[in-house]
Amino acid sequence: MTAAPQEVAATAPREVTARLTGLVGALRAHGLGIGTGETVDAGLALEAVGFDDPERMRAALAATLLHGEAQRRVFDRVFDLYFPPSEGRPQEPGPRTGEDPAADAARLRDRLAAALAGGDDAALNLLAREAVGGLGGYGASPGSDGWSSHRTLSRLRPETLLARVRALREGGGAAEPEFADRLTDDEIRRRIEDFRERVRTEARRRVAERQGRDRVARRAVAATPDRVDFLLAGRAQLDELRRTVRPLARRLATRLAARRRRAARGEIDLRRTLRRSLSTGGVPVRPVLRRRRPGRPELVLLCDVSGSVAGFAQFTMLLVRALHDQFGRVRVFAFVNRVDEVTGLVARGGADPAGLGERILAEATVTGWHGQSDYGTALGEFAERYADALGPRTVVFVLGDARTNHSDPNPAALKRIADRARRVYWLNPEQPALWSTGDSAAHAYAELVDMRPCRNARQLAELIGRLLPV
Amino acid sequence: MGNRGNSGGTAVTTGYFSSVDDVASRLAGTGYLASPAVATTVFLADRLGKPLLVEGPAGVGKTELAKAVAEVAGARLVRLQCYEGVDEARALYEWNHAKQLLRITAGRDESWDETRTDIFGEEFLLSRPLLTAIRSEEPTVLLVDETDKADVEVEGLLLEVLSDFQVTVPELGTITATRRPFVVLTSNASRELSEALRRRCLFLHIGFPEEDLERRIVRSKVPGIDEALAASVVRVVGALRAMDLRKAPSVAETVDWARTLLALGADTLSEAVVRDSLGVILKHREDILTAAAELGLEAV
Numbered sequence: 001m002t003a004a005p006q007e008v009a010a011t012a013p014r015e016v017t018a019r020l021t022g023l024v025g026a027l028r029a030h031g032l033g034i035g036t037g038e039t040v041d042a043g044l045a046l047e048a049v050g051f052d053d054p055e056r057m058r059a060a061l062a063a064t065l066l067h068g069e070a071q072r073r074v075f076d077r078v079f080d081l082y083f084p085p086s087e088g089r090p091q092e093p094g095p096r097t098g099e100d101p102a103a104d105a106a107r108l109r110d111r112l113a114a115a116l117a118g119g120d121d122a123a124l125n126l127l128a129r130e131a132v133g134g135l136g137g138y139g140a141s142p143g144s145d146g147w148s149s150h151r152t153l154s155r156l157r158p159e160t161l162l163a164r165v166r167a168l169r170e171g172g173g174a175a176e177p178e179f180a181d182r183l184t185d186d187e188i189r190r191r192i193e194d195f196r197e198r199v200r201t202e203a204r205r206r207v208a209e210r211q212g213r214d215r216v217a218r219r220a221v222a223a224t225p226d227r228v229d230f231l232l233a234g235r236a237q238l239d240e241l242r243r244t245v246r247p248l249a250r251r252l253a254t255r256l257a258a259r260r261r262r263a264a265r266g267e268i269d270l271r272r273t274l275r276r277s278l279s280t281g282g283v284p285v286r287p288v289l290r291r292r293r294p295g296r297p298e299l300v301l302l303c304d305v306s307g308s309v310a311g312f313a314q315f316t317m318l319l320v321r322a323l324h325d326q327f328g329r330v331r332v333f334a335f336v337n338r339v340d341e342v343t344g345l346v347a348r349g350g351a352d353p354a355g356l357g358e359r360i361l362a363e364a365t366v367t368g369w370h371g372q373s374d375y376g377t378a379l380g381e382f383a384e385r386y387a388d389a390l391g392p393r394t395v396v397f398v399l400g401d402a403r404t405n406h407s408d409p410n411p412a413a414l415k416r417i418a419d420r421a422r423r424v425y426w427l428n429p430e431q432p433a434l435w436s437t438g439d440s441a442a443h444a445y446a447e448l449v450d451m452r453p454c455r456n457a458r459q460l461a462e463l464i465g466r467l468l469p470v
Numbered sequence: 001m002g003n004r005g006n007s008g009g010t011a012v013t014t015g016y017f018s019s020v021d022d023v024a025s026r027l028a029g030t031g032y033l034a035s036p037a038v039a040t041t042v043f044l045a046d047r048l049g050k051p052l053l054v055e056g057p058a059g060v061g062k063t064e065l066a067k068a069v070a071e072v073a074g075a076r077l078v079r080l081q082c083y084e085g086v087d088e089a090r091a092l093y094e095w096n097h098a099k100q101l102l103r104i105t106a107g108r109d110e111s112w113d114e115t116r117t118d119i120f121g122e123e124f125l126l127s128r129p130l131l132t133a134i135r136s137e138e139p140t141v142l143l144v145d146e147t148d149k150a151d152v153e154v155e156g157l158l159l160e161v162l163s164d165f166q167v168t169v170p171e172l173g174t175i176t177a178t179r180r181p182f183v184v185l186t187s188n189a190s191r192e193l194s195e196a197l198r199r200r201c202l203f204l205h206i207g208f209p210e211e212d213l214e215r216r217i218v219r220s221k222v223p224g225i226d227e228a229l230a231a232s233v234v235r236v237v238g239a240l241r242a243m244d245l246r247k248a249p250s251v252a253e254t255v256d257w258a259r260t261l262l263a264l265g266a267d268t269l270s271e272a273v274v275r276d277s278l279g280v281i282l283k284h285r286e287d288i289l290t291a292a293a294e295l296g297l298e299a300v
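In order, the protein sequences belong to chains W and L. Quick note: the first sequence uses UniProt numbering, first residue 1, plus one each step. Quick note: the second sequence uses UniProt numbering, first residue 1, plus one each step.
Rather than coming from a laboratory, the hints here were simulated on the basis of the structure. Treat the hints loosely; a few may be bogus.
So the derived list for chain W, only partly shown, Cβ under 8 Å to chain L, looks like this [said to hold, decoys possible]: (1) Arg56; (2) Ala60; (3) Ala63; (4) Arg251.
Subject to a maximum C-alpha distance of 25 Å in a straight line, what follows is the list of computed DMTMM-like cross-link-like pairs (lysine to aspartate or glutamate) [unchecked claim]: (5) L:Lys221 x L:Asp267; (6) L:Lys247 x W:Asp181; (7) L:Lys149 x W:Asp325; (8) L:Lys247 x W:Glu240; (9) L:Lys283 x L:Asp256; (10) L:Lys247 x W:Asp325; (11) L:Lys247 x W:Asp352; (12) L:Lys67 x W:Glu69; (13) L:Lys247 x L:Asp276; (14) L:Lys247 x W:Glu193; (15) L:Lys247 x W:Glu69; (16) L:Lys247 x W:Asp185; (17) L:Lys247 x W:Asp186; (18) L:Lys149 x W:Glu462; (19) L:Lys67 x L:Glu253; (20) L:Lys247 x L:Asp212; (21) L:Lys149 x W:Glu69; (22) L:Lys247 x W:Glu187; (23) L:Lys283 x W:Asp186; (24) L:Lys283 x W:Glu187; (25) L:Lys247 x W:Asp239; (26) L:Lys247 x W:Asp194.
The C-beta atom is built at its ideal place from N, Cα and C for all residues, glycine as well.
With the rest of the complex left out, here is chain W:
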């Protein structure tokens, strides 16, 4: 190394250096690849912008440490822990104990309504701090065990302030009886959600002070959306994931197109080159390139839409749907214990991705006598009823965890599917260590088709980009 790190250490306060390395460590733990060179740059950047303005420090670190916008959320949360905005503030509004918490909450609600109406950032931050301090502590005496954003928010109930904020705004002289006013409610809702996030940030910060930043930064900060485990993702995370469908599809499409283009350049067709050389006396003047069959792959998705796997299946359906012009034909089938074609539903699903799962369950026949997934029956029915969907150009993706609820896995049906299709890939959202534990028939199926773990959006994108034939 050069002298640069020492320079940084010498000029920046030592405390900052320690925080910076802590921050980088936490980001690395979340899967952001950050090299030493970037850490050094980050130090230099901090030094260049100074230590007075937290927002500048945030921008400086983001510029030097991040490589993409997808990492931004994790970064922001970790940053808030290591460089809290409250630093340098004269005093912490302590928890006001001994008083009536209900009255506290009422007073806070009044001030919060005013701050929301005015859109006053500084006041909102202050209120978030006071709210967590006053309402969010738990344990024997408030705050002795920790701070909870959930507790704060359930006492403060900012979402119920909508009407009051609206009244304040209208009463505040901002009388504009025009079109834009019908947006007011949505704007207030967005501001309230923003405030809730501030409360969460503040609670995390306080917990971090108590338990140590490194620990909280590694555990309490959610992963970037593309790394969220399909099986563990909550509703909000799935929503967020769905929003990444379109950009992800676009990236995949360019990657597939580039691959196709490269492949289309082709090799020299020796036989035809020599044959053509007859006209030039055996001198191969013009090489002939092997012709590529045009023809795009046909894709069949066979998705388990039961319970916990459903999020994974839906996301994949939407992604494939968004990629539809990359394929000659896409057909999507869903099953729990009976199979039904849902191509049409998915095609229309772009308008309302969140409701797609419910519509499939409501409009398609995917369950028979019970609601549990049964791979054996479903695969058998598919092989029988939809054999026409398979052909020498078809690539089949089966999506599911291969958990049969102790019914017959019926590998013969999968074998029949594999025999008719060009390739069959099975994407399993469970980690391989769990395959064939309990009622999982993963290995029985993995012997017949290529089964791969696919636990998050990043892996899925990689698999689709790699597995599809050119």
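We have chain W already, so just place chain L on it with the hints.
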């Protein structure tokens, strides 16, 4: 080595700006209103002498930023517009074959050795943007626009040029920048740029601006507009961006819309005005339908 780009004989900083505030106020002087994050990052790119990779949706001012920096720095703007199939000859340099041939025919009685040393001289070298920026003696801003449109090979080329700010022409030797250009790369993220390239750069994502900033942008770009109307326009655009549209309206479209409204003589936003001019901000039929439904407009 951690700080690869910083070694070598050239001055590391471009030295155009003295502080973050300086960036913000001077850019504002050209009509580019920068958010604090943009101002900070531009200052750092200047101070650390690293290329700046700017990503973000179309129409938020990525290219404009490079132009504004060039303007305030009094620098020459050299632009490499990337596209599929752009290659070394278009990006870096090529030999002027026609001129070389003329030279060879003109000097018939020379020996081959003489001719050869001659035709691979400066005179016959056609400088393309990258080489131009590196050789430039005057202050220069190098804009590599839409980097994601170029093929992967060009990225490799950029890596070499941007890490050492030098170019090797086999016949001439290595040309090193005497004066480091301020480099801006833009990308729409239609292709994933390589990690290696990202590591060489400072990263800046320009998203849609905050309401307040966008209002100021509208007011500065559309001077005649009334304050209340500008505010309403920005609010509606903000609401549209929160919807799930194929293409969210960009700042450029906000400004267009404001201009249109002004031209139509609308002094307030009414339902009819919005309905009739929605096509200015939304570019897909289905987006217009979605937006009309969510805004509670009658069928468009």
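Against the structure, the hints come out as follows:
no.: 1; hint: Arg56; result: holds, 5 Å
no.: 2; hint: Ala60; result: holds, 6 Å
no.: 3; hint: Ala63; result: holds, 4 Å
no.: 4; hint: Arg251; result: holds, 6 Å
no.: 5; hint: L:Lys221 x L:Asp267; result: holds, 17 Å
no.: 6; hint: L:Lys247 x W:Asp181; result: holds, 24 Å
no.: 7; hint: L:Lys149 x W:Asp325; result: holds, 20 Å
no.: 8; hint: L:Lys247 x W:Glu240; result: holds, 17 Å
no.: 9; hint: L:Lys283 x L:Asp256; result: holds, 13 Å
no.: 10; hint: L:Lys247 x W:Asp325; result: holds, 18 Å
no.: 11; hint: L:Lys247 x W:Asp352; result: holds, 16 Å
no.: 12; hint: L:Lys67 x W:Glu69; result: holds, 23 Å
no.: 13; hint: L:Lys247 x L:Asp276; result: holds, 19 Å
no.: 14; hint: L:Lys247 x W:Glu193; result: holds, 24 Å
no.: 15; hint: L:Lys247 x W:Glu69; result: holds, 18 Å
no.: 16; hint: L:Lys247 x W:Asp185; result: holds, 23 Å
no.: 17; hint: L:Lys247 x W:Asp186; result: holds, 20 Å
no.: 18; hint: L:Lys149 x W:Glu462; result: holds, 20 Å
no.: 19; hint: L:Lys67 x L:Glu253; result: holds, 19 Å
no.: 20; hint: L:Lys247 x L:Asp212; result: holds, 22 Å
no.: 21; hint: L:Lys149 x W:Glu69; result: holds, 19 Å
no.: 22; hint: L:Lys247 x W:Glu187; result: holds, 20 Å
no.: 23; hint: L:Lys283 x W:Asp186; result: holds, 23 Å
no.: 24; hint: L:Lys283 x W:Glu187; result: holds, 24 Å
no.: 25; hint: L:Lys247 x W:Asp239; result: holds, 18 Å
no.: 26; hint: L:Lys247 x W:Asp194; result: holds, 24 Å
Hint compliance for this structure: no hint is broken.
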